[in-house]
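Enquirer: Here are the chains, one letter per residue:
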Amino acid sequence: MAATADDPRRFLDPRTIARISGLEIRARQVVEGFISGMHRSPFFGHSVEFVQHREYVPGDDIRHLDWKAWSKTDRFYIKQFEEETNLRTTIVLDVSESMQYGRKGAAMNKYEYACTAAACLAYLVVRQQDTVGLITFDADLRQVVPGRSSMTHLDAIVKAMDISRPREKTDPLKILRRVAEATPNRGLIILVSDLLCDREPLFKGLEMLRHRRHDVIVFHVLDDDELEFPFAGTTKFEGMEQLPDLICDPRALRQGYLEALEEYLTEVRRGCSKQGIDYALIRTSDYLDAVLSKMLHRRMSTRTGKM
Amino acid sequence: MLESFANPWAMAAGTALISSPIIIHLINRLRYRRIRWAAMEFLLKAQKRIRRRLIIEQLILLLLRISLVLLLGVLLARFLGFRQAGGSDANAITLHVILLDDTPSMGDSFKNRDGRKTDSFQVAKSTIVDRIVATANQAPTPQHLVLLRLSDLTHPFPNEQSGRINTTLIRELQQHLDQSELTTVHISPLAGLQAARTILDANPEQNRYLHFVSDFRTADWSREDREQLTTSLGEMSKAGIRVHFHDVAAPDRKPTQSLPDYHPNLGIVDLRAESPLAVPDLPVEFTVRLANYSPSEKSGVQLTVRINGEEKQEFSVVVPSLPPNVEVEERVLVRFDKPLNDDPLSRFQLVTVSLPEESTGLAFDNTRHALVEVVDSVPLLLIDSNPLNEGRTPADDSFNLLRFFSDAVPGYSPVVKSVEELERPDLRKYGGIYLLNVPRLTPKGLKNLEEYVRSGGGVAFFLGPKIDRAFYNEFLWADGKGLLPAPLANNPNLEPIPAKIRGDYRAAMFSGIKTFVMQLIPRASEEDHPTLRDLYRDERGLRVNPEDYNKFLRFVIIDKYWPVTDRAKWSKDRKTHELLSLPNFKPIETYQDRVRSTFEALFNSPKVKTVFEASGGDELKETLESWRRQFEKSIRDAKPLYELSMGMEEMLKGEEDKANKRVALKEFWQRPELIDARKLFEELLNDLRYGDPIYMAKEVGNGRVVLFTTTANATWNDINGFGRPYFPPLLKLMQQKYLGAAGTDVNQLVGERIEMRFDSTQFSENVRRLLLTPEALKALKDKPLKKDGDKLGVGDTMEKDPDSKDLLLRYNLTLKDKTYPSLLEPGGYLLQLGIKQAPSAAGEKADEVPLYRGFVLNVDTRAEGDLRRMDREELLKQSPGAQLHTVDTNLTEVLKLKENDLSEGWRLYVLLLLILLAEQAMAVRLSFHQTTGGPATTLGALGAVARN
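Protein chains in written order, with numbering that gives the first Met the number 0: chain A, 0 to 306; chain B, 0 to 947.
Keep in mind that the hints are not guaranteed to be accurate.
To be verified - DMTMM-like, lysine to aspartate or glutamate: derived pairs with alpha carbons at most 25 angstroms apart:
(1) B:Lys253 with B:Glu892
(2) A:Lys173 with B:Glu40
(3) B:Lys44 with A:Asp170
(4) B:Lys47 with A:Glu261
(5) B:Lys44 with A:Glu237
(6) B:Lys47 with A:Glu199
(7) B:Lys47 with A:Glu258
(8) B:Lys44 with A:Glu180
(9) A:Lys235 with B:Glu40
As the list claims (entries may be wrong) - Each pair of labels, with its calculated beta carbon distance range:
(10) A:Ser292 with B:Leu913: 52 to 60 angstroms
(11) B:Ala920 with A:Ser292: 39 to 47 angstroms
(12) A:Thr265 with B:Ala920: 27 to 35 angstroms
(13) A:Thr265 with B:Ala922: 26 to 34 angstroms
(14) B:Ala12 with A:Thr265: 51 to 59 angstroms
(15) A:Ser292 with B:Ile21: 47 to 55 angstroms
(16) B:Ala922 with A:Met207: 46 to 54 angstroms
To be verified - Pulled a few chain B residues facing chain A out of the computed Cβ check, cut under 8 angstroms:
(17) Tyr31
(18) Arg32
(19) Arg33
(20) Leu53
(21) Asn603
Hints were generated in silico from the structure; no laboratory data involved. What you are looking at is a predicted structure, and each value in this text was computed from that prediction instead of being measured. Idealized CB from N, CA, C, for every residue including glycine.
Between the sequences and the hints, there should be enough to build the whole structure, so can you do that?
Expert: Structure, rendered in structure tokens:
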């Protein structure tokens, strides 16, 4: 079923989803969740795997009393099991004006690519019965979809992405602060953005998320043009997000551009690395499934290694 | 500025295009595409960071591109170099003056590469058309042509004005050259170069080229006028005329070969009859001079003789050996038959001597002609002061000569006439005229006689008591311009042989003294003179002991003679010869100062002093001092002069004389430093030895004159007594080898100026001329000319000399815009002159009596036969500014008619390549190039970093 340009479900690319459906997204750290799932939880609950007994104290849920033990010992014990919590994932999607750029003739611009990636991630999360929410932003939060774990929730997510038309510039500190406020519980926060904003507020925002013990993944989406700057001939670059215009011979500026870009990418990568944030640079020409597979595989292997 | 370019409009376009990179740059600034760009931050940062460098690099790139366009413009416009304004010649007309050497040497035949026979002249023609003109025709600018042939410098091709080279002109030139033939005349290159220069100088505004197409023989470039050649060529070079020599001679001159090879060539240099008059059945000796112009000896060369075109095998001779590069003299005896009739063609016989045909070299010089008039007997005119006696008595001046030529020597018919006979117009019929004690001549007779001599007659003067000294000196000597070899002294008796000496002489003769020095002395230096030569040679021409003849001279007694004077005036004249002299009768004291000064000059000469020093001793000097002392003693003792002269002779011989302690001086006198000193002594010795001349000879014009200062009879000498042994041989040689041979020793050449003078009162102005060649004579053999009413050959008209009223017959001359007939064909020429006759009594105009004259013209083998060619360096040294080309030279490169521009060199291309490389390097540096394998390397690394 081919999705039309206006169909919000176009972001759920069946082929991509088919390729990544065998994977599960896992938090590298134990996250707190209220849906039993595949993720270890620091909380004990009812579950299959028994861990220990403890004496009842007033306030405990009497549903967890081990009546067999009471009958034998006449004391109230509480059965404790290792509980598998559900993953609370929040996808933070940048829909600022800069995301609108796409190479001429390319299948997707950054925004569309980012939306597709977000949709796919959402699908994965939902599929493993974790909750996923979505926050789109530009200068401010535009759409906030609370976390749910039902498949029907996906529709809400993709619709929210669809109505989030790219506009205005990004204010990362403000946005990330709002995201932190909007997700009080620890969880996985996936930032999908081109990160074309000031680095300092960005890192502060990310630090804020980490401070709240969120697991943060940054998908840095950039267009091939932005990475390669393949332009020739006199060109007027009209700045998005209120940046000034520039008429130049791009070939002459290419080297300097690439140097500046490299500095920027290095800075971003280091900043993320410093805060323990998973960072992935994605080109809009990359196969999305490959990118996601690689990222998830890396995360899984990291977790396995720790365990 | 535009004159600096061969294609100026291309440069103008190029100049306009120089601005194209700037314009493109500006246009690009105006026409840009728009891209809404997110990552402006990096772009702005990059722009800020490299702004200055960017501007500089962009400017450099712009400059490189401008340079590229500029250089391409220069390349296409064909930059010729910077020139001053106004000095442009790029679009001027180029004038090519081609000077074609068509002299006989260009007939050097050989086989070309195809095996066909050709000659240098054909190569020259093809060089002109196929190489010079064809090359010029390729030039982009107008090219004009003038062709000059050396043989006809007054008629250039196409005409006086140059013609523009195009297909039509080339066709006409080809036709013109096809019709051109070699001339028979030797012409100096200088004449051609001067004529060419006149044409070139008339067109100073044009680009001027002089092409001289020739064989560049050493003989042509080593003449007396070589300095003028150098000057002329140097001036042309300075005047901006580009001189190109095209050597067309074979074998081809190699570019690396300095001295080129040349074809060997045999040629007949000269052919002379013993006498222009021949008597039937009496052999006439012809002297053939052969030259072998080759580096090797030729042997067994056969000379073929033809008379009037018919080969006479009986007269053919074989020359055993011809050494290289020398002339060899060979004698051929030819006997003529009695003429069939009085027909002039029967009387004038053309003798042709030929060499066998050669495979290479020249053909024209293998044949040479001589013209001989066959008469029953050779008439001799004896002018006697007393002709009435007709020389019958011994007292008559003509007595001895008449008897001698009538009886003793066959083939002569002497006639005794009065001096008036000299007034007749047909003196040329005489084989010799003897003026015997003739007091004076009539003016007409004198003029006729002079004309007779100058045109090739022989006259002998015998003096005597009747001579009018004043007349002889004024008219016959005429200060050296007349016939007489020397002026006469005041009186024959002024300087007689001293009576004492004469007495001693006779006494001595009769007393049996064997050694007597006061004899007639033949000048040693004149022993090879024709009048004396055979006296000292045997029949085979080998020298014999001079004493065999000189012994007869010991008995000569000359009682009286006319002394001659003004020795200084004629002694240096090479045409005047003092053959026999009396002993010197001057007193010995006369020579005292001369002897002293000569020795002083010897001893004071620095060269001689050097020789003395080099010899390392005083023996030489002492020997010479000893001779001086002896000479001075002889003078003091007033010894006979001959003692002094004999001593001087001994000294110059330089034999060792131990008795007088004299060392040998032979080597001393032979030293090159002593040539001048020796010459002084030899001159002194000659003056000591020889007294007044008795027998003299002089060449005047084509003729010859002899002078005997004593009488032809025995009046003043003992010619009938003791003179009998010596006088007849002397007289025979005088007539046969000298007077009779007058007119034969002039090697008259085709094309030479010929001017004959005739008395207008005696001769008609109309002349008929017939060319006698072997072929023509053979054809005419059976068609003898009739005596009357003949129209012989071509008619010429003599013109009157306004000064002397004489009639002048001229050939090969151009005077006052009048060109006289050219006689350019080798062979005999027979002239039929008309002698006016007195009108008859009835008043009817009498017929003219025909008178025939013949002469022969030959090719100048000496000037043209030697095919040796000029050394390259020598030729170019002698021709400043000239370039020498061979048939292999690439004329397109050499002539540079398409001027050399930068596009023909490698420098511009290298520069262009370097700038192109620099531009590309700069462009690559300033631009992005997608690699085929994926993202750029930097980004590949970036991506890898990001992914890791």
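Enquirer: Now look at each hint and say whether the structure bears it out.
Expert: Do the hints match the structure? See the list:
1. For the hint linking B:Lys253 to B:Glu892, the alpha-carbon distance of about 18 angstroms falls within 25 angstroms, and the restraint holds.
2. A distance of roughly 20 angstroms separates the Cα atoms of A:Lys173 and B:Glu40; the hinted pair therefore holds under the 25 angstroms criterion.
3. A C-alpha spacing of about 20 angstroms is found between B:Lys44 and A:Asp170, which places the hinted pair at or below 25 angstroms, so the restraint holds.
4. Taken as a hint, the B:Lys47 and A:Glu261 pair is honoured in the structure, with Cα atoms around 16 angstroms apart against an allowance of 25 angstroms.
5. In summary, the hint linking B:Lys44 to A:Glu237 is supported, as the alpha carbons are separated by about 15 angstroms, within the 25 angstroms threshold.
6. Between B:Lys47 and A:Glu199, the direct Cα distance comes to roughly 21 angstroms. Compliance with the 25 angstroms bound is thereby established for this hinted pair.
7. The straight-line distance between the Cα atoms of B:Lys47 and A:Glu258 is roughly 12 angstroms, inside the 25 angstroms bound, and the hint therefore holds.
8. Taking the CA atoms of B:Lys44 and A:Glu180, the gap is near 35 angstroms; set against the 25 angstroms cutoff, the hint is violated.
9. At roughly 14 angstroms between alpha-carbon atoms, A:Lys235 and B:Glu40 fall within 25 angstroms of each other, so this suggested pair holds.
10. For the pair A:Ser292 and B:Leu913, the beta carbons lie near 53 angstroms from each other, so the given range of 52 to 60 angstroms is met.
11. In this structure the hint that B:Ala920 and A:Ser292 lie 39 to 47 angstroms apart at CB holds, the actual value being about 43 angstroms.
12. With their beta carbons about 29 angstroms apart, A:Thr265 and B:Ala920 fall inside the hinted range of 27 to 35 angstroms.
13. Between A:Thr265 and B:Ala922 the CB atoms are about 29 angstroms apart, so this pair conforms to the stated range of 26 to 34 angstroms.
14. Taken as a hint, the range 51 to 59 angstroms holds for the pair B:Ala12 and A:Thr265, whose Cβ atoms sit roughly 53 angstroms apart.
15. Hint check: A:Ser292 to B:Ile21, Cβ distance near 54 angstroms, so the stated range 47 to 55 angstroms holds.
16. The beta-carbon spacing between B:Ala922 and A:Met207, approximately 49 angstroms, falls within the hinted interval of 46 to 54 angstroms.
17. At its closest, the beta carbon of B:Tyr31 sits 4 angstroms from a beta carbon of chain A; the interface hint therefore holds under the 8 angstroms criterion.
18. Nearest Cβ of chain A to the Cβ of B:Arg32: about 5 angstroms, under the 8 angstroms cut. The hint holds.
19. At about 5 angstroms, the closest approach between the beta carbon of B:Arg33 and any beta carbon in chain A falls short of 8 angstroms, and the interface hint on this residue holds.
20. Contact between B:Leu53 and chain A, as hinted, is supported at the beta carbon level, the nearest pair being about 5 angstroms apart and thus within 8 angstroms.
21. Evaluation of the B:Asn603 hint against chain A yields a violated restraint, the C-beta minimum of about 98 angstroms exceeding 8 angstroms.
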